[in-house]
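A.B. asks: Please take these sequences and the hints and turn them into a complete structure.
Chains as they are written, first to last, in full-length UniProt numbering: chain P, 1 to 280; chain V, 1 to 280; chain H, 1 to 280; chain E, 1 to 280; chain B, 1 to 280; chain R, 1 to 280.
Errors might be hidden in some of the hints.
[Said to hold, decoys possible] Computed cross-link-like contacts, BS3-like style, restricted to lysine-lysine with a CA-CA straight-line distance of at most 30 Å:
id, chain 1, residue 1, chain 2, residue 2
1, H, Lys44, V, Lys78
2, E, Lys103, P, Lys244
3, B, Lys99, B, Lys244
4, R, Lys137, R, Lys50
5, V, Lys50, V, Lys78
6, B, Lys10, V, Lys44
7, E, Lys271, V, Lys103
8, E, Lys90, E, Lys103
9, H, Lys44, P, Lys19
10, R, Lys177, R, Lys137
The hints are simulated quantities; they were obtained by calculation from the structure and are not laboratory data.
Single-letter residue listing:
Protein chains: 6
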Amino acid sequence: MDATGEVSAKYWDVTADEKEAFAAMELVKVQGSVQTYRDKLQVKISRIRKAVEEDNISLTDFIKAAPISPNDLINTIKRTMNEIQDQHIKTIVAYCLAKVEDKLMEYPAAKFHHHAYFAGLAYHIVRMLELGDFICKQRPFLNVDLIKAGIILHDIAKPEEMNAQLGIVTDYSDHGKLIGHIVMASNWIVEAAITHQIPLDSRQVVALQHMVLSHHNLGEWGSPVQPQLPEAVALHYIDAMDAKLQMVEDALANTAETESWTPMIRGLENKALMRLTFDE
Amino acid sequence: MDATGEVSAKYWDVTADEKEAFAAMELVKVQGSVQTYRDKLQVKISRIRKAVEEDNISLTDFIKAAPISPNDLINTIKRTMNEIQDQHIKTIVAYCLAKVEDKLMEYPAAKFHHHAYFAGLAYHIVRMLELGDFICKQRPFLNVDLIKAGIILHDIAKPEEMNAQLGIVTDYSDHGKLIGHIVMASNWIVEAAITHQIPLDSRQVVALQHMVLSHHNLGEWGSPVQPQLPEAVALHYIDAMDAKLQMVEDALANTAETESWTPMIRGLENKALMRLTFDE
Amino acid sequence: MDATGEVSAKYWDVTADEKEAFAAMELVKVQGSVQTYRDKLQVKISRIRKAVEEDNISLTDFIKAAPISPNDLINTIKRTMNEIQDQHIKTIVAYCLAKVEDKLMEYPAAKFHHHAYFAGLAYHIVRMLELGDFICKQRPFLNVDLIKAGIILHDIAKPEEMNAQLGIVTDYSDHGKLIGHIVMASNWIVEAAITHQIPLDSRQVVALQHMVLSHHNLGEWGSPVQPQLPEAVALHYIDAMDAKLQMVEDALANTAETESWTPMIRGLENKALMRLTFDE
Amino acid sequence: MDATGEVSAKYWDVTADEKEAFAAMELVKVQGSVQTYRDKLQVKISRIRKAVEEDNISLTDFIKAAPISPNDLINTIKRTMNEIQDQHIKTIVAYCLAKVEDKLMEYPAAKFHHHAYFAGLAYHIVRMLELGDFICKQRPFLNVDLIKAGIILHDIAKPEEMNAQLGIVTDYSDHGKLIGHIVMASNWIVEAAITHQIPLDSRQVVALQHMVLSHHNLGEWGSPVQPQLPEAVALHYIDAMDAKLQMVEDALANTAETESWTPMIRGLENKALMRLTFDE
Amino acid sequence: MDATGEVSAKYWDVTADEKEAFAAMELVKVQGSVQTYRDKLQVKISRIRKAVEEDNISLTDFIKAAPISPNDLINTIKRTMNEIQDQHIKTIVAYCLAKVEDKLMEYPAAKFHHHAYFAGLAYHIVRMLELGDFICKQRPFLNVDLIKAGIILHDIAKPEEMNAQLGIVTDYSDHGKLIGHIVMASNWIVEAAITHQIPLDSRQVVALQHMVLSHHNLGEWGSPVQPQLPEAVALHYIDAMDAKLQMVEDALANTAETESWTPMIRGLENKALMRLTFDE
Amino acid sequence: MDATGEVSAKYWDVTADEKEAFAAMELVKVQGSVQTYRDKLQVKISRIRKAVEEDNISLTDFIKAAPISPNDLINTIKRTMNEIQDQHIKTIVAYCLAKVEDKLMEYPAAKFHHHAYFAGLAYHIVRMLELGDFICKQRPFLNVDLIKAGIILHDIAKPEEMNAQLGIVTDYSDHGKLIGHIVMASNWIVEAAITHQIPLDSRQVVALQHMVLSHHNLGEWGSPVQPQLPEAVALHYIDAMDAKLQMVEDALANTAETESWTPMIRGLENKALMRLTFDE
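C.D. replies: The following block contains the structure:
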């Protein structure tokens, strides 16, 4: 097991029966020996069987997950949604949230870069809400409703853009590839408005679409328009701050305590991070 | 009058009455003398009055316009729309077209770069339809319905993005700045689908949105997704070909016959074009 | 065989005799078994012999080729050349064409990106001539002779830049690496002019060199000058349109009917394409 | 006065005496009439005299300043400094702060982009400290001392890089142009360490230099190394968040209430911002 | 006169006779007074007449020129040419040099960036030859003939690309715009080879073309191929070194001794240079 | 052995004893057979033992080294240092040189790109001093002391940035990653000045720091400030010229005489170089 905390395993001479017996996302019990292959550790499996009840293990023991329970995360998001004063904005947020509430319980926020684990997206939203709350207090000219709604909606369509199981993105959906989660969320805002008879050219609908559409800041990062509302500028930086610091936190957590450097992190200018303490 | 075909005019010592009397987009008759100011010709106006019926002139004598009448352009667009075989696609195109049909009679295709004149957008669509028709015959694997619909819809929301009068863009609308014409058109497709009960995840709705969203090809040119349908690739190049060649045609038309070089053209890598003939 | 339509094969324990017996670009008959190696199919060859007459197969059964016969392609190119009115231009085109006529029968248009098969370059030229013909009719200000000549000459030196066999580029020539096909074609125009006593500063020579030199549009794409003649702008977009749509067509043709997505295509912004039909 | 809140004034026919009598950064009383010149308002001054005591005005009535008094800002910075636990870090921060304490009372944070007013730099530091405090609570893996020290030191040499009066940068110093404030601050850390006999290769010295050197994140933004400590990543995003939101706040404050759009803001992707309210 | 050493002058109320009397590139004698306009000095001319013999001045007193006489420069270039051992290379260099020998006596090396004065191009060549001589001695693996020839030929077509008088470029020629000096020089090499029956695919012809074509190093700087011969790499850096250091030298020479900073220099990353001495 | 002059070797079935017996950077004697693996030659080792005295070989027989002895290189650098007239500059150079004198005897100039061998850094400095000497004679406005000092100091901290053995960089130091050799050298100048009581704002200290800090020319290449002294411009181009031509020389030396093309060279725009001679 290297700094990444992962090790590959090989089971040679699989029988046809065995091939059918095991499926992805199932727990198994294996016996084998550890070898070195191309300078990496590798487990050569000698025996394998499905996990049974007596093994007393469950899938959630083996998956990375956000440090707060999905239920608590969803509750926080809903409570925040209910604090929104503007009725149009609250209605639209509720409509979009209802579309993915089940998936929010388990979807990651991204395939690789950050929060790539069980309930990672909900966790990302909740941490951003904390930061958004602070920023709104520090900068009272910001519209609190818009910040809250923008944070909840900015990645809300990601569970439809990606296919994921147990916090691991396996693929992008056709819809996700052709439209992208940013415009999908924008579509949902339109749907919500039509369904609830909120005029499409009302300030609320336009502002919410703008928040979602511009939150990647630049065209080359996927935003068809650039932030032009004070709250849209804030949303982009709240998102960036949380995503980048979570990459840092995850990289440190995934690096063995004995290592002073993490692997290179693509989202942080391809740099590795050093773990530094002064108290030695 | 220089190579641009424009000359500025100054009327000094305007009275308050006069200031109120004249409005933009009105015809006037002026008398004055031509001077040179900072190496450019300038008309110093000595007398000015509103045009009257006896002057026997009309606004359309003075504005640049597409070489085909707006009525003919709109008819061609509608006829093409009616040729679309797929009923969902035709319904969506008809819905979006109805939103801007009046404005299509006079809106330009852009503020500066190309087709910046009366009915320029409709003219751009019609020329692209001609080219699209050729390409579909040359490359039968392309879906004709999707090409036709994509061409009609790709810039369909521009009249809502811009404010224009007589073919001249005066400003962008708030809506246009915050959402952009690309996502506005995508919104209209969603609206059309909901209105006509076409499922939002039907292939037609997704494909039409994809065509519109990806037609600028790159994120830095405003497209939140890149072309991933054969027809979307074709649409981008049909649009580019028509826009660029129209820039060429317009630049030549606006340059005095006596000049062998046009002014620099921003959309053509900031290069000027040379008028070249071999028959001298 | 994956979506690329290719499968690798391994023949272990080759004898020295066998090593000498087989050469590249020869047909062989093999017998073997299919295995999986690193998640890809692989043929393990057990027996191998040269193809003989009785096998009743020919090399052209196994190579990708343009859908029109090389003879027909060359004839179309020559017929178009003969339609050129301007005698200087026609003379230069004829001179350059004569240099590579034999190779045009089989050379591809590029190593990887597009038309990478037998007679691919001639096919590319012919399809561009069709498109050029349409564009000249739609935009009568374009000089037809210059468009025709530019299309025929734009890649005419590619067969000297690359070494290819049976439509597959094996290497670039020293000459090709040091000068590049763009300047090589420009050199040939100079040669042609000197040979036929056409003044080097005549409009025809300068214009043809400009067409060839600028057809990649930007310096970073290999053009030492940018398009500054109307026809040079047109040539670039005709070339781009044909190359990109051929990439699309080839990618679809090389992808199994059962797959809805092609592999990623480098020349199309590294995106895969989706095969979409509405009639299901 | 346009959206920028500024208006130019012209005083023609100045006498030589008058020319000598008035200096920059002095208060004057003027009388004149307002005119339009090149579509902008302009004051034509008819009388001018120096301000006298009876006018009962002071310079600080006319300069933009941070909303908190310089004394309070400095006190907050010093109190934070004193909270630093690590003695080496505290010593170095104190040494650097002492070098510019007087100038911190009045220097802006930048020439144009953000906090460009009286005590703007101290204000920037204090707001960042508030944000840093929040982030350290939300992300306990961050070293609080390093965050505090990094925030105080990151721009500490700016008052030596720029020459400013009353919050307005008039010029860059030779030293500032040749070395830049980032390396100047890094130099001061070295000086501090040598003066106080802290080893130059101690973790504290290296970490503080790294914080300062990397806080612009990318080489093209002026940082010779990229963030490779968790706290350095945090510092960059704290700085970015505060600078960008202050640009937003300043732009709104400097735009007349009657205008819904601010001027374009260079630091915000050259976009203007819209003032949006929902309660109308 | 500011740091640029230039001052503009205005002559108002010109009579029609006077307008015809004076032409560009003629010497005149003026009388007038100095004023400030838009913060710049300006001469208001009160009297003007043509210079006459008695004024005892000549045009060359007023133009910037290389510090070595044109005759000496040309002689050095020719002597170096005659030292070339390879007869093919020498023949080609002689052919190209003969084409522009007269113009080399006075042409500048560029419109703005460097050596923008009388005989500037010849001076640039001669200084590069000195540097090339040193480099060939330091790095004996370089082919001396190729370095010498490359230096003489690299910009040899510039006098045909630009129109200049007295060392000042007034315009680019049509030929220069459409082909560019790099390919023009390459053409001349082809011409030379054909004229002197040197095979076009001989190593000498290919190498010389490669040297010229690649000397701008990158496509975006105008080179259609990148350096792939050792001597081509050397040529690019010899050219860059001489051009950049001449920009430095010219900027210092054109800046008043009393100024410590030059104006910004576009070719030096848009930076100004400081004049620094230690002996004060 | 391919064009790179390297061949990999495999020793299978290593015993635990053997694993401990051999360490990196020791000489061994092996016996084995040559095989082809993945189209590359590979030595399959059958016997291995440590080299003994009787083998009569030494480590320096097997490492790449600069063509001049380390002692001679160091002596040249010191002699040049002693020629510096300005006492402050000489003192600072001596201080920095003393810090790394031992390592200069063996350190390479870079990990991969150029002078990547034993004493490569010292060799780079010496060749640059030769070039600097020539340039100062050609351009007398340059300050000779500053050029000499800049050349000696520009990479002086590289031996602290990298860990190397026998001319091969094995790693970067923590210090090197967090501060970088450019700022480390700048730190040393500050240290030297403090130690020898040279004022930190003296022209000599500022100029030397500027030389070092700006010598990579652009921010994206690691320089926090851009060259703004004439000598800093010269230093950058002297460094570039020497590094690039050494890459050329090394690539040719490392390519078998029978090959006409070197491998691709990353530092030379990823191009391979052709070995060209005319005398065949």
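A.B. asks: All hints are to be evaluated individually against the structure, with a verdict given for each.
C.D. replies: Here is what the structure says about each hint:
| no. | hint | result |
| --- | --- | --- |
| 1 | H/Lys44 with V/Lys78 | violated (60 Å) |
| 2 | E/Lys103 with P/Lys244 | violated (34 Å) |
| 3 | B/Lys99 with B/Lys244 | holds (27 Å) |
| 4 | R/Lys137 with R/Lys50 | violated (53 Å) |
| 5 | V/Lys50 with V/Lys78 | violated (39 Å) |
| 6 | B/Lys10 with V/Lys44 | holds (22 Å) |
| 7 | E/Lys271 with V/Lys103 | holds (28 Å) |
| 8 | E/Lys90 with E/Lys103 | holds (20 Å) |
| 9 | H/Lys44 with P/Lys19 | holds (22 Å) |
| 10 | R/Lys177 with R/Lys137 | violated (38 Å) |
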